[in-house]
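Chains as they are written, first to last, in this note's numbering: chain A, 86 to 186; chain B, 221 to 1050.
Simulated from the structure, these hints should not be mistaken for lab results.
The beta carbon of each residue, even a glycine, is placed where N, CA and C say it ideally should be.
Careful: at least some of the hints might be erroneous.
[Claimed, not checked] Just so you have them, the derived chain A footprint on chain B, three or more residues with Cβ under 8 Å:
id	segment
1	870-883
2	953-965
[Unchecked claim] Sample of chain B residues lacking proximity to chain A, with all beta carbon distances greater than 12 Å (derived):
id	residue
3	LEU256
4	PHE468
5	GLN612
6	GLU690
7	GLN693
8	GLU789
9	ALA813
10	ARG894
11	LYS899
12	GLY991
13	GLN1032
[As the list claims (entries may be wrong)] Examples of chain B residues lying across from chain A (beta carbon under 10 Å, computed):
id	residue
14	ILE625
15	GLU757
16	THR761
17	LYS794
18	ALA797
19	ARG798
20	GLU810
21	ASP811
22	ASP814
23	SER820
24	LYS821
25	ASP829
26	SER834
27	VAL895
28	ILE897
29	TYR904
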Amino acid sequence: MKFCPKCGSMMMPEEGFFKCKDCDTVLEIKEEYKSKENKSESEIPVIDQKEDSVLPTIKKECPKCGHNKAGWWMRQTRSADESETRFFRCLECEHTWREYD
Amino acid sequence: MSLDEKLQNYKEELPPKILKKLKQKAQEKNLTEKQLEEALEETEQRFEQKQVEYGEPVGTIAAQSIGEPGTQMSIDYEEEVIIKQNEEIKTKKIGEIIDNKILSQEAREKDEWEVVDISNQNYKVPSLTQDEKVEWKELQECSRHPAPEKILEIKTSSGRKIKATDSHSFLIRKNNEIKTKSGSELEKGDRIPSIKKLKHNCIQTLETTEYINQKWAKKKLPKQIKLDKEFGWFIGIYLAEGNCTKQFVNTSNRNQQIQLKIRKIAERFGFSYNEYEHSKGYSETHDVRLNSKQLLNLLEKTCGTGSQNKKIPEFAYSAYDDFVAALLRGYFDGNGNINPEKDMIRVSSRSKELINGISLLLNRLGIFSTKNTDKKQSTLILSHKNAHKFKQKIGFTQQEKNKEINQIKEKPTQEYIDMIPGTGELIKEISQKIGTPTRRINNFHKRDKIGRETLKKYIKEFKQKANSEEVEQKIKELEEAAKSEVIWDKITQIKEIKPTRNYVYDFSVKDTENFTTKQGIVTHNTMRTFHYAGVAEIDVTLGLPRLIEIVDARKTPSSPMMTIKLEEEYASDKNKAREIGWKIEETRLEDIADMETDFSKMRILINLDDETLSKKKISEEEVIDKVENTADDSVTEEGENYIVRPSSSSYREILRLVEDLKEIKVAGIEGISRVIIRKEGEEYTIYTEGSAFKEVLGLEGVDSSKTKTNDLHEVYDTLGIEGARRALINEATDTLDEQGLEVDIRHIMLVADLMTNDGRLRAIGRHGVSGEKQSVLARAAFEVTVNHLLDAGKRGERDELKGVPENVIVGQPIELGTGIVDLQMKEQEE
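Let's have the full structure, built from the sequences with the hints guiding it.
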């Protein structure tokens, strides 16, 4: 898109020439003005394996299945003057439970 | 030349920041011209080295791109791998196998990779499991991609070699676990696994019909030859000393016992044989020639002829152990000898392939061997322990040779090859806990490796002194390491070479992710399946916000999601599951076509991608129809492209038109923005972002009794109020469980019942349950007090005072509990 060199207003393309809206300047279109949008390749992901847990682990007995390893994370669930609640998730049966003092 | 001018020369190669720093330093330190030159050159070199190539994974990008097909992890065409189909074990060049598959089956292309799914074709490869056992595991996919400029050739101390790209991952042992390390990171001294024992399932007889040419021979070979010890031995001796001419099969050996055996075989099959004694070449030899053209054909085709071309016949790999032992005995009888210093059994051949095969067969019987190759000869060496094992399991026909083996000393400390790495930390922990002086095991901890036999000794000792369960657990882990079925072979050389062909190849193995080359090296395969790294998780609202959504019965949850289970045949087939996925996923025009906006001519060119169209089963006419609808104008064709013109010739129009065109839905169900397929247990399940319950339930292949959604109103519309009640309970329970809270289900059932007892889904809150109470005072006491009171006054409403809040306001006992009864006075009877 070009602006008219004389009056500065926008020029519209017409049959190979840029014509100014207000004054009558005509410029030849020399370059290609194109913008390309390529198709976005999207593949449906097929996940075959269970992803490994990214949580840090600790040796804790799961109350449901008895497995000895669990992932843990901590969140401040109660008021600011209370200590954090510890969440545990069993690596085997994915049972989640919490503990706080 | 002044300082500036010099630096200007390097303007192209080094960025201005570095040049500026150099200038500073040069001025500070008053460098001479020569020093400056050197500094500039050195900087340029180092800078170039650190530069990243296109497509090279770096840092976090590397971490994210694990699983991305672009990370090249493959091996060379020529590498032979061990593969089993049904029950037949073969060793074939990986390039051959995969090229054939790609020709015969349709390959999926991603970037530059061609991938073929072979998961249901019953191919298995020997694979190393986490507990270090070698098991046959199923192949899922195979792939190839254009080879890079250089690949690495890795040589181990036992003489095994493997050629692979530098990002191909290998297995190493660290922290008592098996981990992966890429080829480019491997160093001399790292240890990679090679198998000790191959598990097998065997064939007993050999079908001869495919090898025989003549049907009218005088003495025919039987249709099936039993693969027994005799035949095995014969094959062995043929491989060692036999050759085929056009008329007969010849074996040369001076030993009487061996000649006797050969004669016996000939008699068994009924061939005639001739014998010649003559001095040929170096010494006197005794030839036994078997006259059978059919036997000739068989041997030629299966074993080859001529000292450079011989190889182990394919059927030998799938035969039983006693056949293999006999074959090895025959071979060693012919070619094997014990060297003068009496410390090893040696056998050599001009055929490298043959030596490789013999090594593999020895592995099968649990005997480990070292290989040496020079230009012409390849030699196999069995030393010490392995030589004794040889005597035990195989043995020579000549008793004198067997006696000589006894003289081979068993050197207990020669365990350079069979060392187990990655156990140092564990050993130190155990010894600390049980109180052994650490200086004894310091060596193992520092070098992080220990010989297998030594480890076994220590394990015994540890066991005796074990004092707690924790220690016993750790000792168990050590034991697993000691019992492993692989030998951790040390890398002696890593070389860069050119790949032999244009492509490099790879397998994808189920569960264990590694496979074995013919030489026995276990290599890690490409990451699982080619799923894309990046977000493969669906965003769901959890916790309190979700609970609020549920209880408020929101019309549109913030993250609607469907779990689609498939019917039996669709659930086990990955491709069918994917097809359903494509059918459902909303596809827009921008996903299937390239669009070019030509401002100079005020038009839009649309180029549809034929491949994607056929993959997703969309017809071009349909698409163009839809485009015409949106564009309000006819669409013209010009070669490859379709041309759309906006109604008026203004920039704004054309830009708006482009955006509208991009959003045109061409396939899939509206609302379903993303589809993910996950394999859970044995079946594939589809998860979608976006919910369209009614339409999806009606699709073919979808199991409508197990599919679910988290949008409650959709459940209400499709399955009715009772379904909505159950969905409510399930959603609430799941949300609470995910947070680790245990709430008895009855409480949630109460809430669900309250919300659905009317026959429709009502929210708790002033738009639902609480706002529809009969009592004015109750509603006024809850929210928006004045409105309720005023409206009630306008209408002249009447409050029955039946519920709890109104009675509390008024001050009366509630009609529950004690107040459920009213007192009446009993009439006095007179």
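Status of each hint after checking the structure:
no.: 1; hint: 870-883; in the structure: holds (count 4)
no.: 2; hint: 953-965; in the structure: holds (count 6)
no.: 3; hint: LEU256; in the structure: holds, 45 Å
no.: 4; hint: PHE468; in the structure: holds, 56 Å
no.: 5; hint: GLN612; in the structure: holds, 42 Å
no.: 6; hint: GLU690; in the structure: violated, 10 Å
no.: 7; hint: GLN693; in the structure: violated, 10 Å
no.: 8; hint: GLU789; in the structure: holds, 17 Å
no.: 9; hint: ALA813; in the structure: violated, 6 Å
no.: 10; hint: ARG894; in the structure: violated, 9 Å
no.: 11; hint: LYS899; in the structure: violated, 5 Å
no.: 12; hint: GLY991; in the structure: holds, 31 Å
no.: 13; hint: GLN1032; in the structure: holds, 38 Å
no.: 14; hint: ILE625; in the structure: violated, 48 Å
no.: 15; hint: GLU757; in the structure: holds, 8 Å
no.: 16; hint: THR761; in the structure: violated, 17 Å
no.: 17; hint: LYS794; in the structure: holds, 6 Å
no.: 18; hint: ALA797; in the structure: holds, 8 Å
no.: 19; hint: ARG798; in the structure: holds, 6 Å
no.: 20; hint: GLU810; in the structure: holds, 6 Å
no.: 21; hint: ASP811; in the structure: holds, 6 Å
no.: 22; hint: ASP814; in the structure: holds, 5 Å
no.: 23; hint: SER820; in the structure: holds, 5 Å
no.: 24; hint: LYS821; in the structure: holds, 7 Å
no.: 25; hint: ASP829; in the structure: holds, 6 Å
no.: 26; hint: SER834; in the structure: violated, 14 Å
no.: 27; hint: VAL895; in the structure: holds, 5 Å
no.: 28; hint: ILE897; in the structure: holds, 4 Å
no.: 29; hint: TYR904; in the structure: holds, 7 Å
Consistency note: the structure conflicts with the earlier hints numbered 6, 7, 9, 10, 11, 14, 16 and 26.
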